[in-house]
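Enquirer: In case you want the letters, here they are:
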Amino acid sequence: MIELRNISKRFGTVRANDHIDIKVEPATIHAIVGENGAGKSTAMRIAYGFYAADSGEILIDGRPRRIARPQDAIALGIGMVHQHFMLVDTMTVAENIVLGAEPGTALTLDLPQAASRIRKLSEDFKLSVDPGATVEDLSVGQQQRVELLKALYRDARLLILDEPTAVLTPQEVEEFFSILRRMREQGKTIVIITHKLSEVLSISDDVTVMRDGRVVGRVKTRDTSAAELARLMVGREVLLRVDKPDAKPGAVALSVRDFSVTTAEGVKPVDNVSFEVRSGEIVGIAGVEGNGQTELVEALAGLVDPLRVSGDVSLGGASLAGVGARRRRELGIAHIPEDRHRRGLLLEFSLDENAILGVHYRPPITTYPGGVILDEREIRRRTTDIIARFDVRPPNPELPARALSGGNQQKLIIGREFELGPKLLLVSQPTRGVDIGAIEFIHRKLVALRDGGCAVLLVSAELEEVMSLSDRLLVIHNGHIAGEVNPKAATPADIGLLMTRGRLH
Amino acid sequence: MAPWTGSGCSGARKCDALSEIFSTQLFWSTIRLSTPLILAALGGLFSERSGVINIALEGMMLAGAFTAASVTWAAGNPWLGLGAGAAAGLAIASIHAVACIRYKADQVVTGTAINILMIGIPGFLSGALFLSSGSTPQIPKEQLIPWTPIVLAFAAVPATWYSLYRTPFGLRLRSVGENPEAADAAGVNVAQVRYTGVLLSGVLAGMGGSYLSIGQSSLFTRNMTSGRGFIALAALIFGKWRPVQTMLACLFFGFTEAVTIQMQGVVKLPSGEDIPVQFIQMVPYVLTIVVLAGFIGYSRPPRALGRPYEKER
Amino acid sequence: MRLLRELLFPAIAVLAAFVVGGIFVLIVGDSPIETYRLLIGSALWWPDGIGYTLFYATPLIFTGLAVAVAFRAGLLNIGAEGQLYVAAFATAWTGITFARLPAPLLIPLCFVAAIAAGSFWAVIPGVLKARFGSHEVINTIMMNFIAVALVSYFTQYHYRTPGDPIMESAPIGANAHIARLGRFLPGFPERIPLNLAFLLALLACALVYVFLWRTKWGYELRATGTNPSAAEYGGISIRRQIVVAMAISGALAGCVGINEVLGYRHLYYDGFSDNYGFTGIAVALLGRNHPVGVLLAALLFAVLTRGGIPVDAFTEHVTKDIVQILQATIILFVAAEGFFRGAVDRFGLLRRPKV
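Protein chains in written order, with my numbering: chain A, 76 to 580; chain B, 326 to 638; chain C, 7 to 361.
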């Protein structure tokens with residue numbers, strides 16, 4: 076049905092797709108699996124005309140085709156359901172579905188005719204969607220079915236689904252899968268991007284495994300197992316072992332009891348979690364992204380509205396209930412955020428100004444009169460100190476943070492947070508988008524901080540990283556702690572299963 | 326200046342305020358004063374529903390008013406004047422559109438610039454063309470069109486409603502203003518739809534301005550809109566960016582203006598207290614703030630309003 | 007190199023605007039060179055040209071700073087116009103009500119009135135944004151009209167000299183007057199209304215600079231403007247910064263009242279502002295929201311304002327409206343700088359050092 080041949084795509088210095096070949100047979104369900112950043116979504120966005128490939132070609136039914144814009148893909152019978160739904164919330168289901176492919180003339184929008192067609196499609200595939208409903212009133216599962224209808228309405232023969240189950244409850248997933256099977260029976264071809272292996276095994280016919288922008292495996296689902304897929308996904312045995320002495324855990328630094336975070340929509344991304352982190356140990360949290368790690372760390376850093384959290388969190392025995400971000404930092408909680416451009420840096424500001432974020436309001440950064448004036452000499456001393464100790468290049472404190480490479484930006488943030496002399500370090504994705512040399516450097520620094528007696532809570536989507544750095548490893552799945560494993564004894568496949576299925580068997 | 330306004334209450338005579346206010350004369354005065362507001366506000370609706378903030382309605386109205394008066398005087402034909410006024414609004418809107426859509430300039434800043442530009446250009450041209458400081462020559466009474474624009478304005482309301490909710494264009498316009506990414510994914514050309522919205526706003530605001538100079542009065546005078554573009558904007562917000570509600574808001578604001586003209590000074594409530602005109606003038610603005618804060622019936626702007634659409638590649 | 011980059015786009019925008027203005031002049035059949043000679047040259051005559059230019063620059067420095075400070079916090083204060091009206095009226099009210107106080111008490115009191123009133127008027131939309139998320143642009147526009155109506159009401163009904171047909175208040179007490187610079191400068195006639203408020207404006211530039219770049223408060227304000235998420239991460243309350251930024255912005259706009267009432271007219275004159283608040287947006291934008299840039303931009307716009315008068319008088323067709331056309335075109339070109347970015351990039355002038 077569709078074939079990607081030798082497709083390559085770079086974003087800046089990152090090779091998102093490196094000469095990949097993917098072939099999808101008609102009337103099958105084809106799963107593309109891989110960790111975050113493996114290049115699955117990029118490949119499919121190229122197929123849908125959202126991105127232009129740097130090289131390679133796309134064949135539809137054996138013939139090479141040019142897909143430069145989504146319109147081209149639509150015309151070729153390709154539909155895509157994005158991870159973040161592309162729906163206009165304030166409009167009705169029918170309006171959303173016909174948008175861009177309106178029935179009637181330029182002066183008449185024949186919505187009743189569209190609605191009856193939508194109703195028919197909805198019945199054929201047992202989608203039970205009311206064309207007259209407003210999208211924002213629908214549940215997430217229903218909105219997803221609207222997305223499916225959008226593709227079906229345009230007579231799509233191939234549907235690309237990007238992480239379709241990430242937003243669904245287990246019951247909704249079952250229902251959703253039966254819809255997909257019905258579509259296959261009616262001759263539709265489906266590509267499903269996912270990293271949940273249990274789902275791959277239950278729904279797909281073929282599997283393509285991607286890692287680091289390359290295709291590393293093509294298997295028939297009936298000939299494979301979760302263990303094999305997990306091994307392919309995560310790759311070789313962990314190579315990046317960090318040489319580190321055994322931890323000497325001290326007193327409990329961070330204690331989390333029955334902790335939950337509730338969003339404005341009433342969803343609980345973190346659901347009744349309990350654990351503790353002792354001084355002098357690194358506790359890793361492994362998990363597929365979007366399973367509550369972000370919300371957990373942000374809440375611990377004091378960046379979530381106190382009304383949205385419940386349960387007990389204490390630092391060194393003192394409760395942190397209702398304590399804001401500024402006070403938490405004063406109490407010794409440092410935070411290396413997962414998204415350094417959004418949270419961690421003021422990109423237009425100089426390194427000097429970035430080096431004081433979070434401590435900018437108190438001595439020694441401020442000085443007389445009245446503790447209001449920033450002490451330029453002290454700031455410069457601090458920045459040059461961070462630059463020297465963390466090897467930030469180029470070593471020019473006056474440059475805007477934007478001018479630094481990702482690795483150097485990250486080293487600047489880490490240096491800034493280490494300057495606090497923290498009791499607890501919250502660190503998310505410490506080496507994302509960072510070059511190899513800097514990765515090793517950052518890992519050594521984290522171990523050194525641990526050995527100095529700091530408690531470290533490490534969240535990373537890189538399995539190798541959490542396995543090699545952590546002294547204890549928790550696996551998070553769907554907002555729950557799915558289990559604790561010994562990072563020295565466990566295999567990546569075991570952890571992969573916990574991450575993707577929430578249980579070992 | 327406005328020929329139809331009565332003398333109101335004379336200072337010496339005690340009059341019954343309520344009967345004076347609710348007269349037939351006041352009704353027609355309200356209709357006439359609402360007309361430019363409706364045209365401009367509907368214009369603003371097309372622009373803002375597509376996601377482009379339009380605080381340049383004032384400038385577009387001034388462009389229309391000046392051009393309509395000049396062309397009517399020169400050609401002796403108000404229909405030509407009306408068309409030229411609409412075209413002038415369109416021309417000014419095209420500046421706003423290109424700056425905001427093509428060059429992703431700040432929509433508020435660009436709008437402000439256009440308003441300042443339109444304080445300057447009519448004065449500049451009238452100085453050169455008519456050797457006056459900011460006004461055009463008087464147009465003979467028989468060349469004015471006091472009624473047609475009223476009909477046009479009130480006919481534009483259902484037309485706008487229909488095009489917004491019953492045509493493919495309206496569907497695309499609304500989707501682009503709410504979620505341009507979704508529209509793009511569905512194959513809609515976001516920039517093209519936004520251009521159409523902004524240019525339409527220029528045409529309508531230009532017509533609204535034309536009515537001021539060749540309908541309500543008989544010449545263009547310096548800054549003759551005196552904030553009506555902003556009142557139209559307020560009506561648009563008060564009307565929650567919907568055509569019929571916006572028209573009602575314009576009628577209400579036109580009514581307050583009619584009352585202030587009618588009163589020509591202080592009116593006394595039956596209880597004997599004064600209501601100075603200034604407080605009635607404030608009503609549209611205060612209401613807008615109140616509605617925006619959600620105190621009475623929250624008014625939610627189109628979600629992508631003010632945000633240029635950047636496509637990642 | 008950095009300085010060059012900062013100056014390049016404003017300079018190109020100004021030049022481009024003069025080209026567009028020149029086309030307008032040609033259309034009406036005058037000579038652009040002669041027009042621009044009058045427009046700019048007259049501002050440099052001593053003492054009237056320079057004196058009036060600096061006098062016209064004074065309110066623009068204040069409003070330019072006001073818009074710039076708000077902009078640094080990520081807010082667009084379109085309401086400087088209303089803020090300065092309320093402030094000017096409050097200044098006059100204080101000068102009338104407490105006319106008997108001695109100057110050393112009354113003048114500071116009037117200053118406080120101007121600053122507090124301007125600040126108050128700006129804080130209202132600030133709080134509405136922080137509390138309800140309503141857009142500050144719409145609210146400041148609406149507040150402008152409310153301000154104009156309100157002060158006009160008070161002038162008309164409560165503070166007008168009885169029998170005076172002009173919409174202006176009774177004069178303020180003589181103790182509230184601040185000196186014209188002619189009193190101190192030999193050879194500079196006192197009839198030119200340039201007064202101490204100009205020095206206050208220069209001081210405000212310096213203070214704003216120190217505040218924004220040398221104090222922790224300025225740091226928090228700028229951090230909020232450049233990246234609210236990161237500011238929050240750094241323990242900064244975004245809501246508070248919104249209110250603080252509007253308060254400072256309004257205070258600066260309010261200082262226009264000091265120049266107008268205490269230094270110039272010595273009474274409140276209804277409708278006195280020559281679009282100072284809106285021109286302030288242009289000044290801030292052209293000045294890249296930096297106090298030094300604001301000062302330079304305000305001087306440029308003041309030169310144009312001053313030059314408009316001889317242009318009106320000595321050219322055949324061109325009126326002083328050319329000034330507004332130039333101002334607006336400058337804003338348009340600065341706002342849509344992508345318009346020449348492509349061309350400039352091609353010459354490699356802007357290539358940033360990439361590491």
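Rather than coming from a laboratory, the hints here were simulated on the basis of the structure.
Note that the structure is predicted; figures quoted are calculated from it, not measured.
We put the CB at the ideal spot given by N, CA and C, even for glycine.
Among these hints, one or two may not hold up.
Pairs of lysine to any residue, SDA-like flavour, derived with a Cα cap of 25 Å [as the list claims (entries may be wrong)]: (1) Lys429/B to Asp427/A; (2) Lys565/B to Thr232/C; (3) Lys222/C to Pro187/A; (4) Lys222/C to Ser543/A.
Examples of chain A residues toward chain B, derived with CB under 8 Å [what the hints assert, rightly or not]: (5) Pro145; (6) Leu151; (7) Gln158; (8) Leu162; (9) Thr167; (10) Ala181; (11) Leu182; (12) Gln188; (13) Ala189; (14) Val291; (15) Val294; (16) Leu406; (17) Leu422; (18) Glu423; (19) Asp427; (20) Leu579.
Enquirer: Now tell me if each hint is right for this structure.
Expert: Hints versus structure:
1. Lys429/B to Asp427/A: violated (31 Å)
2. Lys565/B to Thr232/C: The hint is violated at about 31 Å.
3. Lys222/C to Pro187/A: The given pair, whose Cα atoms are some 61 Å apart, is violated under the 25 Å limit.
4. Lys222/C to Ser543/A: Judged against 25 Å, a Cα distance of about 41 Å means the pair is violated.
5. Pro145: This interface hint holds because 6 Å falls under the 8 Å limit.
6. Leu151: violated (12 Å)
7. Gln158: violated (12 Å)
8. Leu162: Since chain B brings a Cβ to about 6 Å from Leu162/A, closer than 8 Å, the hint holds.
9. Thr167: Violated: closest Cβ of chain B sits about 10 Å from Thr167/A, beyond 8 Å.
10. Ala181: holds (6 Å)
11. Leu182: Cβ of Leu182/A sits 6 Å from chain B, so the hint holds.
12. Gln188: violated (13 Å)
13. Ala189: Violated, because the Cβ-Cβ distance from Ala189/A to chain B comes to roughly 11 Å (cut-off 8 Å).
14. Val291: At 27 Å from the nearest chain B Cβ, Val291/A fails the 8 Å test, so the hint is violated.
15. Val294: violated (31 Å)
16. Leu406: Violated. Min distance 37 Å.
17. Leu422: violated (17 Å)
18. Glu423: Constraint on Glu423/A not satisfied, violated at 17 Å.
19. Asp427: violated (29 Å)
20. Leu579: violated (39 Å)
The structure is inconsistent with the numbered hints 1, 2, 3, 4, 6, 7, 9, 12, 13, 14, 15, 16, 17, 18, 19 and 20, although it conforms to all the rest.
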